[in-house]
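Asker: With these hints in hand, go ahead and build the complete structure from the sequences.
Number of protein chains: 2
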Amino acid sequence: MFDLGHYLPYLINRAGARLAVEFGREIRRRGIALQEWRVLAALADQGGQRLSDLAGLTSIDLSTLSRLVGRMVRAGLLSRERMDGDQREVSVALTDKGQRITRAIIPIAQRYERRAFRSFMPAEEATLKALLLRVYANLERPER
Amino acid sequence: MFDLGHYLPYLINRAGARLAVEFGREIRRRGIALQEWRVLAALADQGGQRLSDLAGLTSIDLSTLSRLVGRMVRAGLLSRERMDGDQREVSVALTDKGQRITRAIIPIAQRYERRAFRSFMPAEEATLKALLLRVYANLERPER
DNA sequence: TATTGTTATACTCTATAACTATA
DNA sequence: TATAGTTATAGAGTATAACAATA
Numbered sequence: 016m017f018d019l020g021h022y023l024p025y026l027i028n029r030a031g032a033r034l035a036v037e038f039g040r041e042i043r044r045r046g047i048a049l050q051e052w053r054v055l056a057a058l059a060d061q062g063g064q065r066l067s068d069l070a071g072l073t074s075i076d077l078s079t080l081s082r083l084v085g086r087m088v089r090a091g092l093l094s095r096e097r098m099d100g101d102q103r104e105v106s107v108a109l110t111d112k113g114q115r116i117t118r119a120i121i122p123i124a125q126r127y128e129r130r131a132f133r134s135f136m137p138a139e140e141a142t143l144k145a146l147l148l149r150v151y152a153n154l155e156r157p158e159r
Numbered sequence: 016m017f018d019l020g021h022y023l024p025y026l027i028n029r030a031g032a033r034l035a036v037e038f039g040r041e042i043r044r045r046g047i048a049l050q051e052w053r054v055l056a057a058l059a060d061q062g063g064q065r066l067s068d069l070a071g072l073t074s075i076d077l078s079t080l081s082r083l084v085g086r087m088v089r090a091g092l093l094s095r096e097r098m099d100g101d102q103r104e105v106s107v108a109l110t111d112k113g114q115r116i117t118r119a120i121i122p123i124a125q126r127y128e129r130r131a132f133r134s135f136m137p138a139e140e141a142t143l144k145a146l147l148l149r150v151y152a153n154l155e156r157p158e159r
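First to last, the sequence lines map onto chains A and B.
Here our numbering = 1-based position in the first sequence + 15.
Here our numbering = 1-based position in the second sequence + 15.
The hints are simulated quantities; they were obtained by calculation from the structure and are not laboratory data.
There could be a bad hint or two in this list.
Since copy identity is lost for identical chains, a pair holds within one copy or between any two.
[What the hints assert, rightly or not] Keeping only pairs whose Cα atoms sit at most 20 angstroms apart, straight-line, the calculated SDA-like set for lysine to any residue is:
(1) Lys112 with Asn153
(2) Lys144 with Ser134
(3) Lys144 with His21
(4) Lys144 with Arg33
(5) Lys144 with Ala32
(6) Lys144 with Asp18
(7) Lys112 with Gly63
(8) Lys112 with Gly46
Answerer: So this is what it looks like as C-alpha cells:
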C-alpha cells in the first residue's frame, strides 16, 4: 500500500532523528538542550543575527525561538539587544560564556558527524551534502 | 568558528524540517497531524505492528506513541489489541477508516516527494536514498 | 527479575492569535 | 498599515520515572 523504505521524507526523518537523539542526549548531560545547540551553532557560524534570521537558520518557530533565546539570555549564553538602525529588530549574539560552551561542544558534534559518515568516501560525503542542499532549495516556499 | 553549511546534521534537519512543515500544514487541514501520518504510513507499509516496533519505525518515543495511538484509536483510525502469543505485547493496525484516510493522503505525500526531487535525475534520487540509509545504519546504537 | 506497555509529572515545543513598539 | 518581536493559551512532544501485567 505504501513503500516507506523508499520514501524520502521517511529516510530523512529517520536519519535526522537518530542523529538528534544520540547527540542530544550527550550534550544534555553537559547542560545544553538540542535546540539550544542549534542556536549556538548558528551564531557560531554566522555571528550576530536578527531573531527572524535566526529562526530561518535554525528551523525553529519564531515564537518558540523568542522564549528559547530569553532562557538562554537568562542563562548567560546570549546577549540580546535592539538594533541601532531599526528599533523593532533585535540582535542576538554569543556572550563569552556562550562562546566557551559552544567551543566545547563543537568537537562532540564533529565526532557524531564523522560517525554518521564512517565508511563514506570523501566524494560520497560531498554528494550527500549537495543533494540535501538541492532538496532544501527545491522546497522553497513558492511566492503567494 | 563553525561551518554550518557543510555540517550534515544541520543539512538533514533543515531539509527534513521544510518537508515536515509544508506537508504537515497541508494534511492538518484534513484533520491529520504529522505524527499521526507517520503512524498511518508505517502501518500501511508494514501491516499490524507491536507498539515498540512501531516506535522504532516512526522514530516516535514509546510513551508519546502510546498516548498518540490511544487518541487515534478513539478517533477510529486504529485498532489496538493484546497479542495472542505474549499477552504483554500489543498489536496495532489500521481500521477501515484508517485505511481510507491513509489512501487519501498517500498521493499528497507523493506529490511533496516529487517536489523535493524536481530537477533530480532518477539516479540521483536513488543515490540520495541509499546514502541516507547508510547514514542511518552507521548511527546504529552500539551495544552497551 | 526482565520485558511490554501505560501513566504521571514537569518542562518544552507548536499553532494560533492577540498584542506592543516601531516604521 | 506593515513589520519585528513578545506574550498568551491550549494541545502535543519529551525525559524520566514509577507502575501494572505478563513472561
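Asker: In ascending order, which of the hints set out earlier in this document are inconsistent with the structure?
Answerer: 1
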